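**Q** Could you build all of it, start to finish, from the sequences and the hints given here?
Chains as they are written, first to last, in this note's numbering: chain A, 214 to 362; chain B, 4 to 668.
Source of the hints: derived by calculation from the structure; they are not laboratory data. Do not take every clue at face value.
Stated by the list, open to error - The calculated label-pair distances, taken between Cβ atoms and stated as ranges, are:
1. Cys303/A with Gly501/B: 22 to 30 Å
2. Arg331/A with Ala235/B: 14 to 22 Å
3. His220/B with Arg331/A: 27 to 35 Å
Stated by the list, open to error - Partner residues are not named here, just some residues of chain A that face chain B (Cβ under 8 Å, in silico):
4. Trp266
5. His314
6. Ala316
7. Leu346
Unchecked claim - Negatives, chain B to chain A, calculated, CB over 10 Å:
8. Thr115
9. Lys123
10. Asp150
11. Ser184
12. Asp230
13. Pro248
14. Glu279
15. Ala337
16. Leu404
17. Leu472
18. Ile485
19. Gly527
20. Pro538
21. Leu549
22. Pro602
23. Leu657
Bear in mind that the values here come from a model prediction, so they are computed numbers and not experimental data. Every residue gets a Cβ at the ideal spot worked out from N, C-alpha and C, and that includes glycine.
Below are the chains, spelled out letter by letter.
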Amino acid sequence: MAEQFLICPLCGFEFQKTEALCHHGCPLGAMCNLARCPACEYEFPEQMPADSWLRRLFRRKETPMVPPIPEEGLLTVKALAAGESVEVLCLGGDNPSRRNHLAVFGLVPGAQMRLLQRYPSFVIEIGETVLALDEDVAGDVVVKRREAA
Amino acid sequence: MNAPAPSALSTGKTEGAKLLPFPGPGAQPAAETVLLVGNPNVGKSLLFKNLTHRYVNVSNFPGTTVEITRARAAFGGREIDVVDSPGINDLALRSDDARVTVQLLEKNPGATVVQVADAKNLRRALLLTLQLAEMGRPMVLVLNMLDELAARGGKIDRARLSELLGVPVVGTVAVKNQGTSELIAALRGARPVALSEEGAESIDPYERNRSRLARVHEILAETYTLDQPRHAPLSVRLGFWAMHPVKGLFFLAAVLGLVFWFVGLFGAGTLVDLLETGVFEQRITPLAIQAVDTILPFPHTHATTESAATFALPVTPVHEVPLGVMERTVTSPAYTLAPDAKLGTGAEVGRFVHDFLVGEYGAVTMALSYAFAIVLPIVTTFFLLFSLMEDSGYLPRMAILVNRTFRLMGLNGKAVLPMILGLGCDTMATMTTRILETRKERVVTTMLLALAVPCSAQLGVLLAMMASLSPFAALAWTGMMIAIVFLVGGLTARAFPGEAGDFILEIPPMRRPQLANVWRKTLGRLSWYLREVIPLFVAGTTALFLLDRLRVLPAIARFGEPLVTGWLGLPKEMSNAFLIGFLRRDFGAVYILDAATGPNPLLTPLQIFVSMVTITLFMPCIANFLMIGKEHSMKTAWAMAAFIFPFAFFVGGLVHHLGSWLSNF
Numbered sequence: 214m215a216e217q218f219l220i221c222p223l224c225g226f227e228f229q230k231t232e233a234l235c236h237h238g239c240p241l242g243a244m245c246n247l248a249r250c251p252a253c254e255y256e257f258p259e260q261m262p263a264d265s266w267l268r269r270l271f272r273r274k275e276t277p278m279v280p281p282i283p284e285e286g287l288l289t290v291k292a293l294a295a296g297e298s299v300e301v302l303c304l305g306g307d308n309p310s311r312r313n314h315l316a317v318f319g320l321v322p323g324a325q326m327r328l329l330q331r332y333p334s335f336v337i338e339i340g341e342t343v344l345a346l347d348e349d350v351a352g353d354v355v356v357k358r359r360e361a362a
Numbered sequence: 004m005n006a007p008a009p010s011a012l013s014t015g016k017t018e019g020a021k022l023l024p025f026p027g028p029g030a031q032p033a034a035e036t037v038l039l040v041g042n043p044n045v046g047k048s049l050l051f052k053n054l055t056h057r058y059v060n061v062s063n064f065p066g067t068t069v070e071i072t073r074a075r076a077a078f079g080g081r082e083i084d085v086v087d088s089p090g091i092n093d094l095a096l097r098s099d100d101a102r103v104t105v106q107l108l109e110k111n112p113g114a115t116v117v118q119v120a121d122a123k124n125l126r127r128a129l130l131l132t133l134q135l136a137e138m139g140r141p142m143v144l145v146l147n148m149l150d151e152l153a154a155r156g157g158k159i160d161r162a163r164l165s166e167l168l169g170v171p172v173v174g175t176v177a178v179k180n181q182g183t184s185e186l187i188a189a190l191r192g193a194r195p196v197a198l199s200e201e202g203a204e205s206i207d208p209y210e211r212n213r214s215r216l217a218r219v220h221e222i223l224a225e226t227y228t229l230d231q232p233r234h235a236p237l238s239v240r241l242g243f244w245a246m247h248p249v250k251g252l253f254f255l256a257a258v259l260g261l262v263f264w265f266v267g268l269f270g271a272g273t274l275v276d277l278l279e280t281g282v283f284e285q286r287i288t289p290l291a292i293q294a295v296d297t298i299l300p301f302p303h304t305h306a307t308t309e310s311a312a313t314f315a316l317p318v319t320p321v322h323e324v325p326l327g328v329m330e331r332t333v334t335s336p337a338y339t340l341a342p343d344a345k346l347g348t349g350a351e352v353g354r355f356v357h358d359f360l361v362g363e364y365g366a367v368t369m370a371l372s373y374a375f376a377i378v379l380p381i382v383t384t385f386f387l388l389f390s391l392m393e394d395s396g397y398l399p400r401m402a403i404l405v406n407r408t409f410r411l412m413g414l415n416g417k418a419v420l421p422m423i424l425g426l427g428c429d430t431m432a433t434m435t436t437r438i439l440e441t442r443k444e445r446v447v448t449t450m451l452l453a454l455a456v457p458c459s460a461q462l463g464v465l466l467a468m469m470a471s472l473s474p475f476a477a478l479a480w481t482g483m484m485i486a487i488v489f490l491v492g493g494l495t496a497r498a499f500p501g502e503a504g505d506f507i508l509e510i511p512p513m514r515r516p517q518l519a520n521v522w523r524k525t526l527g528r529l530s531w532y533l534r535e536v537i538p539l540f541v542a543g544t545t546a547l548f549l550l551d552r553l554r555v556l557p558a559i560a561r562f563g564e565p566l567v568t569g570w571l572g573l574p575k576e577m578s579n580a581f582l583i584g585f586l587r588r589d590f591g592a593v594y595i596l597d598a599a600t601g602p603n604p605l606l607t608p609l610q611i612f613v614s615m616v617t618i619t620l621f622m623p624c625i626a627n628f629l630m631i632g633k634e635h636s637m638k639t640a641w642a643m644a645a646f647i648f649p650f651a652f653f654v655g656g657l658v659h660h661l662g663s664w665l666s667n668f
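**A** See the structure below:
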């Protein structure tokens, strides 16, 4: 195994595994998953285990990543009123699979669409295609209102 | 919809549709190959059926075809291979379905491409036509669903469209098998699309689609006219109501009411009475007993009972219109040996076989009568309604309504299809979870199906049990199951890594379901179900019979006693019910029903309720367990079982203790 640097979570001391005092002559040997910091004697697990299902179950709900604030004046389907007809400008968001998923239904730049309803899910109409969307997907579709003729 | 298409090429295990026998690699390919290509849900599979007279699974749910089906057809002496493909919207984008279709096109360089288009949605179809055109293949454009176009007041100038594109354009109504012979005739005239090369130099797919769209609009302007009728057709208005936030809920309530009436009251009540008492108890069982007694005689006399069945048409759960009464004096499986009889070895063997066939746990008297008299009518009525809902296009609208609620469980609205199908058969529903996009959604849905969605066989038995309790108990049971679905769903969603997929679902138009198709589908599901289930019933009954004969049952009952009598507060005889519930939970429920009804019920109402809750939470059956192993992994299946069974007993005991505590007041 390559020489591995450990960092003590208590005092921040950086040391090699072989320097750890407890690793000499420890009866637990390889079975022991703990290391003792030579500087402050704090004992800690060498590797943080991957997120276990138990940990996920009890962890506090993460605040979702704040979506990038749309530029001023950018209109998305989310902000439309039911019944409005608009033209699709672009599909925002940095989720290419979502973009592809929408584009295959004809939701491409230049397409004309109409918002049919907002609740309980967003429903839009592109030609004869009727598509149901989540709120956050609707927030990814940037549109522009047609100029008054 | 993005069905897991890459596997579609290799494995053919989707429910209903199967890979049709096709001349193997050594066989001479037919002179011509026809590839059916088109947007999703435009009727490719129906047209395939019309061309080849082979049935594939057809439904009004986008993404039904997740595999490639091919068959050979003979048209006036010409042999043609017809290939059905999954629906695609765009060739350029690298979606799984598009990849499959592009591969198909590449593998069949000489094939004629028949693009199937929804005539109502010509814009989207033409966008695809222009993309296909760039491949330079001979093409025929089929405008399907001309009847629906006409109903909406639309008209397409087919001659002009054919002139503009330079390919034959055929109109069809595939559900009514109209226009098929015109299509066959037009195959001869297939030509590559005459293409104007503007905008093709751009590399950006959006830009190219934009220029294609512009061309599509030019074509549409010349060929497509729409006189919007003053009133939208009823089906269109129904479609909007069904997804309206308020009207949609009424619609949902009406649909659920219909399901409850047809499956719960008519199927589980009237039909079960008719078959269980009228047919099995009064006709088949006495006949079977007589036949076995004639072939394997040993000195004994069967008891006779007065059997009576009332047939009535249910109106509400407590009101019904009586239609007739059947009364008969019948021979029952219970018998007494002649007092001075000494049975030789031959007679003992005869008695053993006699008991195995028509005894208390007999293959005929129990397994078959249960499978055909109780399960069959309920499953048939359920599958019939489910196929109707599927073909009418209601299910995707239901997904819109429940999407936000399902989000609480880390799922999205698309999971409504397997969840509802689970009320018919959880094993089948576990298979359909593959329409969900992420592994997380598939696991959570599978878990909820296995834990708390009772299948129709079990629902039937539970309904009968509830009849012996107050309506309050039925409500409490329903409330508990819903609470458990949300609790466990929410927790599983948190514990399982990953996110739910996007909810992007195409909503097909509401259609009047084609009865022939509905019937066919129902029969297909039924035969699958019966093949899966009847061997299990017979195996379960045999196991029970042997355990009973070898006196193992009392021993096991003693083993499970602390759990059953102590924690659940049930009589020790109920251990057998739970034991057999490991095999099939509804089968276990039948035992509970036996103990719960009759002149001298073994169980008190609270005990009935406790056993009902416990057995509902059991894993549905061995088949379901194996299906989870197949769809996910055996490890997942074991992990789920390790959670589900202790959880079922835990909740059952909780109900028992809470109930006993409450009854002190």
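**Q** Compare the structure with each hint and give your call.
**A** Tested hints:
no.	hint	verdict
1	Cys303/A with Gly501/B: 22 to 30 Å	holds, 28 Å
2	Arg331/A with Ala235/B: 14 to 22 Å	holds, 20 Å
3	His220/B with Arg331/A: 27 to 35 Å	holds, 29 Å
4	Trp266	holds, 4 Å
5	His314	holds, 5 Å
6	Ala316	holds, 6 Å
7	Leu346	holds, 6 Å
8	Thr115	holds, 24 Å
9	Lys123	violated, 5 Å
10	Asp150	holds, 15 Å
11	Ser184	holds, 27 Å
12	Asp230	holds, 15 Å
13	Pro248	violated, 4 Å
14	Glu279	holds, 41 Å
15	Ala337	holds, 52 Å
16	Leu404	violated, 5 Å
17	Leu472	holds, 34 Å
18	Ile485	holds, 18 Å
19	Gly527	holds, 28 Å
20	Pro538	holds, 36 Å
21	Leu549	holds, 40 Å
22	Pro602	holds, 49 Å
23	Leu657	holds, 20 Å
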